[in-house]
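Peer 1: Below, each chain spelled out in residue letters.
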Amino acid sequence: MPLRLTALAAALMLAGSIHAAERIKVGFVSTLSGPGAGLGVDIRDGFNLAIKQLDGKLGGLSAEVIVADDQQNPDIAKQTADKFLKKDKVDFMTGIVFSNIMLAVGPTVFENQTFYISANAGPSQYAGEQCNPFFFNVAWQNDNLHEAVGKVVQDKGFKNVVIVTPNYPGGKDAVSGFKRYYKGKVAEEVYTKLGQLDYAAELAQIRAIKPDALFFFLPGGMGINFVKQFVASGLSRDTQLFAPGFSADEDVIKAVGAPMMGMFNSSHWAHDMDNAENKRFVADFQKEYGRMPSLYASQGYDAALMIDGAVRDVKGKVEDKVALQKALEAKHFKSVRGDFRFNSNHYPVQNYYLRVVGKDAGGRITNRMMGTIFTNHADAYASACRMK
Amino acid sequence: MAFYRPARYQKPLVIVLLLALLVLPPALDAWGQAFYIGFATRILIFALAASSLNLVLGFGGMFSLGHAAFFGAGAYVVAICVDNGISDALLAFPLAMTVAGLLALVVGAISLRTRGVYFIMITLAFAQMTYYLFVSARVFGGDDGLPLAGRMTLGGLSLTGDGALFYAALGCLVLVMTFLGRLAGARFGRTIQAIRDNEVRMEALGYPVFRYRLVCFVLGGALAGLAGALLANLTGLASPNLLQWTQSGTLLVMLIIGGVGYLYGGLIGALVLLCLEEVLAGFTLHWHIGLGLLLIAVVLFAPRGVAALFGKGNG
Amino acid sequence: MTQLVFEQALNGLQFGLMLFLLAAGLTLVFGIMDCINLAHGSLYMVGAYFVAAAAQAADSFWIGLGAGVAGAAVLGLVLELSLFRRLYRRDHLSQVLATFGLILIANEAVRMIWGAQPLLLNPPEALSGPVEIGNFSYPAYRLVIIAFGLGVAGLLYLLVARSRVGMWVRAGAANREMTEVLGVNVQGLFTAVFVFGAALCALAGGLLGPLLAVQVGMGESVLILAFVVIIIGGIGSIRGALVGSLIVGAVDTLGRALLPTLLRAALPADAAATLGPALASILIYLLMAAILFFRPQGLFPARA
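Chains as they are written, first to last, in the working numbering: chain G, 266 to 653; chain B, 73 to 387; chain D, 15 to 318.
FYI, nobody ran anything at the bench for these hints, they're computed from the structure.
Every value quoted in this text rests on a predicted model; they were computed, and no experiment measured them.
Just so you know, even glycine gets a beta-carbon here, dropped at the ideal spot from N, CA and C.
Careful, some of the hints might be misleading.
[Unchecked claim] Simulated crosslink set (DMTMM-like; lysine to aspartate or glutamate; CA at most 25 Å straight-line):
1) G:624 x D:139
2) G:352 x B:101
3) G:437 x G:477
4) G:352 x B:350
5) G:317 x G:353
6) G:290 x B:101
7) G:519 x D:73
[As the list claims (entries may be wrong)] One side of the interface only, derived from the structure: several residues of chain D facing chain G at Cβ under 7 Å:
8) 25
9) 132
10) 227
11) 270
Based on the provided sequences and hints, a complete structural model is requested.
Peer 2: Pasting the structure below:
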């Protein structure tokens, strides 16, 4: 028990006089290599852009961001997180893309009483019974974007749907989210291996079923390959594609190009949203990195702003965990997605929008806002959360 | 390769080393480097895993490229035990060893019918089979693996603290090394080494070669299962990555760097490789290039591993 | 239903032929030189990167493919002359260690040069859609891959079965010492075979690039499959490699496509959903274990 004792002693010593930290250390673990790398890179770039705009500071204190690649491997992520927490003694952690990695790393972070600001992974576990005071999600709960697609597919009157998703918790959350609002017939649920790149066998199966709509959730490189192969096999004429925003954002559009046209997708953010924060973010991001920001980038950006606002609110006294938690819950920042609030489980209550891939005024293929699907939508698990 | 015989200077060296290891956790803690207790535990566990491979490869002469299957199986058994409310290591660890050993029995019984590269490949294939079985079965958590709700207890003692787990791993390693040392000098060890060196002659002398090999293979598998059980406690996760063939490759690399067939080969190899990783990774993200070059250099210039550099009387 | 079966059969054929490109080089290096080359998959990866980089530079897939394959052949030559030549006479342990080292170097070098994110390689514009014959449609690019695979298989057959070099290669695989004694320049033969194997790897990598993704680590998973193929077929035998590839391609594709459906007919839905994917993914390994159990030397052993 030596570790626990020292931690307790340190806590007791600190309780009397909490000093403001001199700088803020953020441990950023993300998937920066392999097929899921595009997501992690966008989150990182969005996060860094915010810090750059804040003159290298978070809440007025100089910021140090330690970045590490988890290689989409829970073991490596966990080892890295251990190092960040115990050796580098970071004040915040963020960056994880995939829910399975989040679930592997979470317990270590919470045990260390360090706040984790999720800029992507929003597993149902942490939204419901296992909700934790040290976990905040600034993006969405995994189901949300899928629920929104389910609603659209239902409202548009499709009757025969095939679902394709990888066999991992994020994938299963996607199916349950979609089916929560889509009540028609699901002809087949196809589960692929996470990281699978060749979908020939699955596409043949789909061709045999002849669905009128296909809902897929395949983040990163998987989605790029799937859409490309879907179009190459000639299925796009009879089957309408639907996807959450993850599978139809700038990273995928850039890789797939024209075949994406006309694809409907859902998101809590869009690059053409009309608010001052968003305009500045989109313009600066393009200037800095020479490409359009994706929703991942917007989430990374918001995560940095969220930390900034909370640290500013507690005047740099990040050791006062209770005050810091309150400050985080109160959301002291303006999000690029417009206004939202945190639910009792530390997940957002926010609007979800319908987007379609098409050409903008300049002839570039990109997403266009079509309308609102949900207003002030909360996730389905919050009621099971008893936040301590 | 000649028979294993312990060198004379080994005993005092081992005792000094053990004493140093005993005071390591409090020392690191006092120094404010508690993070490295976990790191040291990882070295001990991998030393154990590499030593179990040493029994199969170094002493038994069976070039298995599927050792990760048993390592990973041990981890999964522990995770399943915790899931089902068995959190005493005194129960779970032997169970992990039994399951890993049984798996090794099945794999070995089929694989040992083949020779040479075929043996290498069929062990590899069995390991891949185990990997895919765990990855695709949802009861085992699929791609995510099985997280442990918490660390186990050893008898009445909790392994939750990093120090406690360190001592548990150290204890296991000392027991296993003593066992392996005894075994290598005993009748069974001599026979298995003789089979490694000249199978035909041993066959002609009437030794049941297949059975000896199989027993050796199963023992190695069971010990790898023990290492896996410890590792699951350290990382809090039984992950399919433990079963991947590159994991077998890593264990092999450790063993070869350390010295195949030397009692302490696995131990030295785990220490060298993990420390190298820790140091090099601090300098550059691209440290794998350095490691790759090192491996090739070892093959070309020091083909018998680090242990051979000190190991007179063994070779 | 005919469409489904036919389409899946083509998928299996396409997968099998690509495996053959990889397995052909591997089985020869393995069979003739008795050398375990774990880095064979790395040649596939590096070849794919060469093709992708050249295709981007030249803005043409076909020029990229040619340049990439040539580049991989040169790399193979360099590797053979500098490293592999020293490994042939060493034990399997040394070969595994050195080529494992090569994998690490290749992965990291690629990451340094081209970054950690996958490269995009698009098929030629004309081939990006489906081909339609009556009611049946199939991606055009996959048909091209099948044509390539069949072409190379035919060429290899002529080369190995009909030419003088091929005779040496077969002789080398059957009995290396005897071939040497008969005055064949085995050293030169080894180099040629290795370089040829590297070029085939790059061809497979380049052709599959547009379908899959050109990324770090793409070689490892395919390497294992190539090993399975040559074990099933018999080490050192080109014919074995071809048959083995087609078997693995067919079993894997059909297993993935049909097993879930078949199991659902036989078992309760819950059990079928759990068992289906698990069984499909281990099917080829089960097959390999079964074949080795009955024929430990594979289907077409090169050595008598």
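Peer 1: Run every hint past the structure and note whether it holds.
Peer 2: Each hint, compared with the structure:
no., hint, result
1, G:624 x D:139, "20 Å, holds"
2, G:352 x B:101, "12 Å, holds"
3, G:437 x G:477, "22 Å, holds"
4, G:352 x B:350, "13 Å, holds"
5, G:317 x G:353, "22 Å, holds"
6, G:290 x B:101, "22 Å, holds"
7, G:519 x D:73, "17 Å, holds"
8, 25, "4 Å, holds"
9, 132, "6 Å, holds"
10, 227, "5 Å, holds"
11, 270, "5 Å, holds"
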